[in-house]
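Place chain X on chain B using the hints.
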Amino acid sequence: EDKVVQSPLSLVVHEGDTVTLNCSYEVTNFRSLLWYKQEKKAPTFLFMLTSSGIEKKSGRLSSILDKKELFSILNITATQTGDSAIYLCAVVPNTGNQFYFGTGTSLTVIP
Amino acid sequence: NAGVTQTPKFQVLKTGQSMTLQCAQDMNHNSMYWYRQDPGMGLRLIYYSASEGTTDKGEVPNGYNVSRLNKREFSLRLESAAPSQTSVYFCASSEPTGVDPEAFFGQGTRLTVV
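First to last, the sequence lines map onto chains B and X. This note's numbering numbers the first residue of the first sequence as 1 and each following residue consecutively. This note's numbering numbers the first residue of the second sequence as 1 and each following residue consecutively.
Keep in mind that the hints were calculated from the coordinates and are not lab data. Only a predicted model underlies this, so the values are computations on that prediction, with no experimental measurement involved. Where is the CB? At the ideal position from N, CA and C, for every residue including glycine. A hint or two may mislead.
[Said to hold, decoys possible] Partial list, computed: chain B residues near chain X (C-beta under 8 angstroms):
no.	residue
1	34
2	42
3	43
4	59
5	68
6	71
7	92
8	97
9	103
[Claimed, not checked] Take a look, some chain B residues computed to stay more than 10 angstroms from chain X by CB distance:
no.	residue
10	8
11	9
12	41
13	60
14	62
15	75
Isolated chain B (complex conformation) (with noise of 0.2 angstroms):
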């Protein structure tokens, strides 16, 4: 069966702290993973990873993907309060049209 789990469930963290958020999946025919960023409705999308090993950068957020050990992770650093958000990973396969979401992780940042 195909899933996506994400860890942590929830984070609560310091403004200026580095998170690392993770992203395992177990899906057949990989094609891409995407992260998305939700804060108050819907989800955003932030990176989509296709291949092993290449950082995508966006200011203080980057991401990396890992196809053999078939997991992603999300960085961010220096973070602010505006970080706090639930960010969901999802994985899209090559056959069929699904994406399955993982549970997310809630992200609250105090100042």
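Showing chain X alone in chain B's frame:
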């Protein structure tokens, strides 16, 4: 820049009532999805439509029906609402086999069944 539009944003139903959630996308995507999101459960797929004229069950289809009216529109119907269907519902669309397969989401419908 409409993207994915879903209506209504909020709804309160009594047990047993019916309603339809509407969703439309203007990105010419073939695939559309309905998810529900509950605390600690992530996004769970209710139904999806790979292309116009086709629909398939997802992880949690019971109590729901869908219609892919045309390429733009994908509606979700609750025939007889139950308190267990209290949730936030998201519609999404994507082009999974395209260069950028990411899903684009509507703003969500917060449904309460009392």
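Evaluation of the provided hints:
The interface hint given for residue 34/B is met, as the beta carbon of that residue sits about 5 angstroms from the closest beta carbon of chain X, less than 8 angstroms. For the restraint placing residue 42/B at the interface with chain X, the shortest Cβ-Cβ distance is roughly 4 angstroms, inside the 8 angstroms limit, so the hint holds. With 8 angstroms as the threshold, the beta carbon of residue 43/B comes within range of chain X, its nearest partner Cβ sitting at about 5 angstroms, so the hint holds. The interface hint given for residue 59/B is violated, since its Cβ lies 19 angstroms from the closest Cβ of chain X, which is over the 8 angstroms cut-off.
Checking residue 68/B against chain X by beta carbon gives a least distance of about 22 angstroms; that is not within 8 angstroms, so the hint is violated. Taking 8 angstroms as the C-beta cut-off, the interface hint given for residue 71/B is violated, the closest approach to chain X being about 17 angstroms. The interface hint given for residue 92/B holds, since its Cβ lies 5 angstroms from the closest Cβ of chain X, which is under the 8 angstroms cut-off. Taken as an interface hint, residue 97/B checks out: its beta carbon lies about 4 angstroms from the nearest beta carbon of chain X, inside 8 angstroms.
Taking 8 angstroms as the C-beta cut-off, the interface hint given for residue 103/B holds, the closest approach to chain X being about 4 angstroms. Here residue 8/B stays apart from chain X, with its beta-carbon at least about 12 angstroms from theirs, past the 10 angstroms limit. Chain X draws residue 9/B into its interface by the beta-carbon criterion, the shortest separation being 7 angstroms against a cut-off of 10 angstroms. A cut-off of 10 angstroms between C-beta atoms contradicts the statement that residue 41/B is not in contact with chain X; the least separation is 5 angstroms.
No beta-carbon of chain X is positioned within 10 angstroms of the beta-carbon of residue 60/B; the least distance is around 21 angstroms. Every Cβ of chain X is farther than 10 angstroms from the Cβ of residue 62/B; the closest lies at roughly 18 angstroms, confirming the non-interface assignment. Listed as outside the interface, residue 75/B is consistent with that label: its C-beta sits roughly 20 angstroms from the nearest C-beta of chain X, beyond the 10 angstroms cut-off.
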